[in-house]
Amino acid sequence: MFFPILFVFTAIILLIIQTTIFPRLSLGGVRPDLALLATVGYSLVAGRQKGMSFGFFLGLLQDVLSGGLLGTNGFIKGFVGYVVGVFKQQVADRSLFFPTLAIFFGSLLNGALYFLIARVLYADKYSWWFFIRTTALETGYNLALGVIVTGAIGIASRRKSGLVNQLLKKMTVLISNRA
Amino acid sequence: MRGRRSSGIWSLILLMVASFGLLTLNLKKEKAITTLESFVLAVLSPVHGVINNTTRKVGNAWAGYLDLVQVQKENTKLRAELSKLREQVNTGVELQQQNKRLLQFLDFKEKNQYELVLAQVVGIDSSNWSRAIFINRGSRDGIRANLPVVTHEGVVGRVIEASADSAKVLLVTDPRSAVDALIQSSRDTGIVVGDDERHARMKYLPLEANLKTGDLVISSGLGGIFPKGLVVGRVTGVMKQKFGLFQEAEIAPIANLSRLEEVFVIVKGS
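Heads up: the protein sequence lines correspond to chains A and B, in order. The working numbering applies: residue 1 is where the first sequence begins, and numbers increase by one. The working numbering applies: residue 1 is where the second sequence begins, and numbers increase by one.
Honestly, the hints are just simulated from the structure, not real lab data. Treat the hints with care, since some could be wrong.
Straight-line alpha carbon distances no greater than 30 Å define the calculated DSSO-like cross-link-like pairs of lysine-lysine that follow [claimed, not checked]:
no.: 1; chain 1: B; residue 1: Lys228; chain 2: A; residue 2: Lys125
no.: 2; chain 1: B; residue 1: Lys212; chain 2: B; residue 2: Lys111
no.: 3; chain 1: A; residue 1: Lys125; chain 2: B; residue 2: Lys242
no.: 4; chain 1: A; residue 1: Lys125; chain 2: B; residue 2: Lys268
no.: 5; chain 1: B; residue 1: Lys240; chain 2: B; residue 2: Lys212
no.: 6; chain 1: A; residue 1: Lys125; chain 2: B; residue 2: Lys212
In isolation and in its complexed conformation, chain A is listed as follows:
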């Protein structure tokens, strides 16, 4: 019972931050996609199926809080969660470079999927330039935030290796077992 509540609570907090604080940090109208970052992070820890469920749930919430069609982000984030989960299984590398790479490809995939869906649903209403610009800015921003977060975790785990690693291990085990 505790875990689903935590699941929903985390998702809501992330989206509140996304819609309140992040618009103030936007560059050219684009801000980091916290829902995407959380989905990638969760998939890397919990695997493809759980990552997909989490991504789908977060995406749906994001759709409710955006002007887009309900289900667009649900699908995209769910798919990204699944692909990142598969990526995790295939790649042996477990260094801090790995999540950064996952964020990079996750962001590109997110943009590409949105482009495909928008082209199918809205024909030429969206220009190529809009997609290229938004995807490039969003990927860059996500990557910057991802590098900061993973870097901070890396530094903290080196300095307080026992405590941080224990905490990370406990979280990983908790998420893997309970999700």
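Here the structure of chain A is known, so what remains is to put chain B in place on it, guided by the hints.
Below, chain B alone, put in the same frame as chain A:
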């Protein structure tokens, strides 16, 4: 037992003799006493000084600490007062600004014959792929899909979804938005569609249309959503193609869409 008591008496006597002896010598100002005193003073003076200084310092520190505690208390109190005053100033400034905005809204309402519902912006789009805002008025206040949303400056967008107490507004900068518009000076018509956060494009303008930067773009009233004459934006650039039937213009929305706080929903046009 007896021996112990007698030695005690003897000690007492010795003490009395020595004391009285010293007192007598002291009264007589004997040199030996003065020298002894000086020696003792010379030896003990530095130690005394150190102890005295330390004690004084500790005493001062303690007094300082007590003062500091008092000052700290006073400081905390003053900070609280300052914070309260700042809050009051902020509230005053906020009210002043809100008052200014509402006066502008009132002016807009008086000049136009629309039936308006004032709404507060309560949220911003969570995605980078669409441009929408959320307002705190819904179907209970007569809000429904496809109603135009404006500020005293001009067009903001249109309602795309309304629940009982809130509504989703698609901004004019969203690529899915389209407003039938005309250039105020030349009366050339076109469609204003969203492009990115700060810009829109006016498409389907005739090639012979004479556009210049700064021209005002207003709603034509033909789209069925926006009443005629609402300001949409200003021309910031013209893109004339060598081939093709139409030219395009870059439009900067007149309303500051990234800093919206209150908006009007036009529930009934004139």
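We went through each hint and held it up to the structure:
{"no.": "1", "hint": "B/Lys228 - A/Lys125", "result": "24 Å, holds"}
{"no.": "2", "hint": "B/Lys212 - B/Lys111", "result": "28 Å, holds"}
{"no.": "3", "hint": "A/Lys125 - B/Lys242", "result": "23 Å, holds"}
{"no.": "4", "hint": "A/Lys125 - B/Lys268", "result": "29 Å, holds"}
{"no.": "5", "hint": "B/Lys240 - B/Lys212", "result": "12 Å, holds"}
{"no.": "6", "hint": "A/Lys125 - B/Lys212", "result": "25 Å, holds"}
Checked against the numbered hints given earlier, this structure breaks none of them.
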